[in-house]
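Given next are the chains, with one letter for each unit.
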Amino acid sequence: MEHIAPWLQTSWDRRAAGNFIGGGTGSGLAMIAAASALWSGNLQRPPLAVAALAIAAGLALVWLEIGRPWRFLHVFFHPQTSWMTREALLAPPLLLALAAAAWTGDGVATAFAALLALAFLYSQARILRAAQGIPAWREPAIVPLMLATGFADGAGAFLALAAADTFVLVVAIAAIIARWFAWTTYRRRLGRNGAPIGALAALTAIDAPVLLLGTVAPLVLLVAALVLPRLAVPLALAAGLLALGSGWLVKGVIVTRAAFNQGFALPHLPRRRTAGEESSAPKGG
Amino acid sequence: MTRWVMVVDLDRCVGCQTCTAACKQANATPPDVQWRRVLDMETGAYPDVRRTFVPVGCMHCDDPPCMSVCPSTATRKRADGIVTIDYDLCIGCGYCIVACPYQARYRTDRANFAYGGSNPNEAEAKCFDERRLGVATKCTFCVDRIDAGIEQGLTPGVDPEATPACVNSCIAGALHFGDIERAESKVSVLLAKNHHCRMHEELGTGPRIYYLQD
Numbered sequence: 007m008e009h010i011a012p013w014l015q016t017s018w019d020r021r022a023a024g025n026f027i028g029g030g031t032g033s034g035l036a037m038i039a040a041a042s043a044l045w046s047g048n049l050q051r052p053p054l055a056v057a058a059l060a061i062a063a064g065l066a067l068v069w070l071e072i073g074r075p076w077r078f079l080h081v082f083f084h085p086q087t088s089w090m091t092r093e094a095l096l097a098p099p100l101l102l103a104l105a106a107a108a109w110t111g112d113g114v115a116t117a118f119a120a121l122l123a124l125a126f127l128y129s130q131a132r133i134l135r136a137a138q139g140i141p142a143w144r145e146p147a148i149v150p151l152m153l154a155t156g157f158a159d160g161a162g163a164f165l166a167l168a169a170a171d172t173f174v175l176v177v178a179i180a181a182i183i184a185r186w187f188a189w190t191t192y193r194r195r196l197g198r199n200g201a202p203i204g205a206l207a208a209l210t211a212i213d214a215p216v217l218l219l220g221t222v223a224p225l226v227l228l229v230a231a232l233v234l235p236r237l238a239v240p241l242a243l244a245a246g247l248l249a250l251g252s253g254w255l256v257k258g259v260i261v262t263r264a265a266f267n268q269g270f271a272l273p274h275l276p277r278r279r280t281a282g283e284e285s286s287a288p289k290g291g
Numbered sequence: 037m038t039r040w041v042m043v044v045d046l047d048r049c050v051g052c053q054t055c056t057a058a059c060k061q062a063n064a065t066p067p068d069v070q071w072r073r074v075l076d077m078e079t080g081a082y083p084d085v086r087r088t089f090v091p092v093g094c095m096h097c098d099d100p101p102c103m104s105v106c107p108s109t110a111t112r113k114r115a116d117g118i119v120t121i122d123y124d125l126c127i128g129c130g131y132c133i134v135a136c137p138y139q140a141r142y143r144t145d146r147a148n149f150a151y152g153g154s155n156p157n158e159a160e161a162k163c164f165d166e167r168r169l170g171v172a173t174k175c176t177f178c179v180d181r182i183d184a185g186i187e188q189g190l191t192p193g194v195d196p197e198a199t200p201a202c203v204n205s206c207i208a209g210a211l212h213f214g215d216i217e218r219a220e221s222k223v224s225v226l227l228a229k230n231h232h233c234r235m236h237e238e239l240g241t242g243p244r245i246y247y248l249q250d
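Which chain is which? The protein sequence lines are E and B, in order.
The numbering used here applies: residue 7 is where the first sequence begins, and numbers increase by one.
The numbering used here applies: residue 37 is where the second sequence begins, and numbers increase by one.
The hints are simulated quantities; they were obtained by calculation from the structure and are not laboratory data.
Be a bit skeptical, because a hint or two may be false.
[Unchecked claim] Here are the simulated distance ranges between beta carbons:
(1) E/L255 with B/D183: 34 to 40 Å
(2) B/H231 with E/H9: 48 to 54 Å
(3) B/D84 with E/R198: 27 to 33 Å
(4) B/D99 with E/A125: 38 to 44 Å
(5) E/P99 with B/A161: 22 to 28 Å
(6) B/D99 with E/D213: 31 to 37 Å
(7) E/P273 with B/K162: 28 to 34 Å
Glycine included, every Cβ here is placed at the ideal spot set by N, Cα and C.
Take the sequences, apply the hints, and build the full model.
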């Protein structure tokens, strides 16, 4: 294969990354809050309000990035195939459901918000998956990674915002472990599928922080919080912030630093003939 | 059913960039925007080093990823296979730019001119299209020329008035354009008689620029 080396795309920058960070955190937080309420019977409203704010902030960042912001309503025109349209269609009812749940504490609104949040998070994952021009995004393993990161971010945010019970601590542990498996699977598949060297290098550069600060440290803190109930609040807070920060780091790097295109490549290039050589191929026509 | 394709004879291209210049002139693209560009590929290792010039641009794919991701339906595909952008619908989200495996799309947010920066000269001002700011743009296969030519009874790929500017301008006869569904068209004959390949075929996009191999 003859090729011209890949280079980093610049069309989607930190503002786009902000949408995936805000949207993932907000939707994950909404689901964790709903699950916690279902388990304990005690709905904590502030996390729902923060979830709505995080999602809205992410969408606002995207709005700041588009070239024709006052045409934003056109984003709703293509639900047949565009995951960006689907994400946009889910956002208004999701934000309304979150606002209603945070305002009234209504269980139905909370459950509805959690379902919409799951669909919203999945749409975000599929947005990246559909970007055929970027090998680090089109890799199918990006979908479970984005889902697991959303759950871990949401659990981390919940631990930082609300009084966590045993259920949330266990869910957070599961989410962080799931994210680690999704991360390692994603990186292994990218390497196996010949992703650009620059993309692999960008991801390798954060491997240690994701493992140590984003996985091992919060897991240790969470287990300690389970074992030492008197220290559970500060331990859960620290674990939550670490889980959240590492999740944001993963998304930020994937969107802005690992986003190399695949360059140009042809399976075969002609060998230029020298004087006296005959072409073997009939050109005709 | 008509299906327009481009055929590039890599053995003939000399990398003169005349097609690039012709495209820029015909479509009035701003600096740093090249709907038709020619890659200079240097491959191999001394003493077996090869240099090949590879014209690239929008491949007008059979299954264009840019179209399926577009949230506004600004990117569409005509019955003849040409992929178009409706500048009045596009929101400039850039999703099509990252979805295109051929780096064929551009977005320019501010007016910029080759002569004078933000102040165009008379010729540039005449060609300037404000609708192209903040939206995605790309090669159209000179669709306006094709449509106007067909209306006059001309044949794209045969009659220069109905043929993309880059093809008309090629000094080496490396670029060919025509209807692949017509067996007697030049592109069909070239593809029938020569080995050929397409770029990033493994992605399944069905690019419609074919490269002849030796």
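Hint-by-hint comparison with the structure:
1. E/L255 with B/D183: 34 to 40 Å: Between E/L255 and B/D183, where Cβ atoms are some 50 Å apart, the hint is violated.
2. B/H231 with E/H9: 48 to 54 Å: violated, 19 Å
3. B/D84 with E/R198: 27 to 33 Å: Hint holds: Cβ distance 30 Å, inside 27 to 33 Å.
4. B/D99 with E/A125: 38 to 44 Å: Violated: the Cβ-Cβ distance is about 26 Å, outside 38 to 44 Å.
5. E/P99 with B/A161: 22 to 28 Å: Violated, at about 47 Å.
6. B/D99 with E/D213: 31 to 37 Å: With Cβ atoms ~35 Å apart, the hint holds.
7. E/P273 with B/K162: 28 to 34 Å: violated, 43 Å
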